[in-house]
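*Asks:* For reference, the chains in residue letters:
2 protein chains.
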Amino acid sequence: MMQNKEKCQDGMKNQQEFDLAAMQMALVEARAAANEGETPIGAVLACGEQVIATAHNQKELLNDVSAHAEIKVLRDAGKQRGDWRLSDCTLYVTLEPCPMCTGAILAARVGRVVYGAKNPVAGAMGSVIDLPRYPLGSKPVVISGVMEDACRELLQDFFRNCR
Amino acid sequence: MMQNKEKCQDGMKNQQEFDLAAMQMALVEARAAANEGETPIGAVLACGEQVIATAHNQKELLNDVSAHAEIKVLRDAGKQRGDWRLSDCTLYVTLEPCPMCTGAILAARVGRVVYGAKNPVAGAMGSVIDLPRYPLGSKPVVISGVMEDACRELLQDFFRNCR
Numbered sequence: 001m002m003q004n005k006e007k008c009q010d011g012m013k014n015q016q017e018f019d020l021a022a023m024q025m026a027l028v029e030a031r032a033a034a035n036e037g038e039t040p041i042g043a044v045l046a047c048g049e050q051v052i053a054t055a056h057n058q059k060e061l062l063n064d065v066s067a068h069a070e071i072k073v074l075r076d077a078g079k080q081r082g083d084w085r086l087s088d089c090t091l092y093v094t095l096e097p098c099p100m101c102t103g104a105i106l107a108a109r110v111g112r113v114v115y116g117a118k119n120p121v122a123g124a125m126g127s128v129i130d131l132p133r134y135p136l137g138s139k140p141v142v143i144s145g146v147m148e149d150a151c152r153e154l155l156q157d158f159f160r161n162c163r
Numbered sequence: 001m002m003q004n005k006e007k008c009q010d011g012m013k014n015q016q017e018f019d020l021a022a023m024q025m026a027l028v029e030a031r032a033a034a035n036e037g038e039t040p041i042g043a044v045l046a047c048g049e050q051v052i053a054t055a056h057n058q059k060e061l062l063n064d065v066s067a068h069a070e071i072k073v074l075r076d077a078g079k080q081r082g083d084w085r086l087s088d089c090t091l092y093v094t095l096e097p098c099p100m101c102t103g104a105i106l107a108a109r110v111g112r113v114v115y116g117a118k119n120p121v122a123g124a125m126g127s128v129i130d131l132p133r134y135p136l137g138s139k140p141v142v143i144s145g146v147m148e149d150a151c152r153e154l155l156q157d158f159f160r161n162c163r
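Just so you know, the protein sequences line up as chains A and B, in that order. So for the first sequence, my numbering puts the first residue at 1; every next one is plus one. So for the second sequence, my numbering puts the first residue at 1; every next one is plus one.
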């Protein structure tokens, strides 16, 4: 029993370490967005500990309302795998997803979502609305607040410099 | 006064006629989707009486969870105009939009949405959830039930043939 418990704790520790590393990677993407003059939001899609796709927000550059980081990693992963179903994947994103992205995440049946900062303006995983609690198909595990300060500060700095 | 009233009624009649014509066009797109083995949903984006973009669902073909007809017309129009803001536009779609598409429609600030059949499984403009009533930015005018029977029957026939 003790061995099983230790193994389980090791697994959780590995998961937490991977979550932090993946969020670091999402932050690198978010900074790339800021460098392009875009709202700094980055995302990573991983299957287990394998990163499948990374992307950042490019809505202004592409004149594409759907070019959020989350939609971009879902599209990229679906294309790579030849399947839009991503139930074995975790999506990491620096900011709580909006309704469009949450809808896409639920539609792609993503199994797990890890996000950094809360989005009080348009957050659809608890802040303005909690879409995953509606009967819309999949129910991902949602973990919030991973590297929250770094994710929020990046956004705050960006908007401070915009003024 | 009488003249103004008549002019207004004429304007409304023209609008209704254009709405029907645009929905007919969306139905042509929906049939194209069915011919490709995709769930038959079509969309048209118009600015006034000018059609800017038409598209149909290609989620399976492209392995892209975001390749719904609505997202495709929003992307196409944004690219053509060099602006993701579409507040002067009407989006026509044969089926009530899902949360992802409704989120995109709100984010693009689409001024008016006309849809055909209700979507009891994933409709986000009143059926499962009513996203436009949340404080998420824009509040489009939403008109439902335009050519409802034709839109619904096309879907029912498709699913009957799938079995």
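It is worth saying that the hints were derived from the structure and are not from the lab. Watch out, some of these pointers could steer you wrong.
Intra- or inter-copy, both count: the list cannot distinguish identical chains.
With a straight-line Cα cutoff of 30 Å, these simulated BS3-like cross-link-like pairs (lysine-lysine) come out [unchecked claim]:
#, residue 1, residue 2
1, Lys-59, Lys-79
2, Lys-13, Lys-118
3, Lys-79, Lys-7
4, Lys-59, Lys-7
5, Lys-7, Lys-118
6, Lys-118, Lys-5
7, Lys-139, Lys-118
8, Lys-13, Lys-139
*Asks:* Could you tell me which of the numbered hints above are not met by this structure, giving the numbers in increasing order?
*Replies:* 3, 4, 5 and 6
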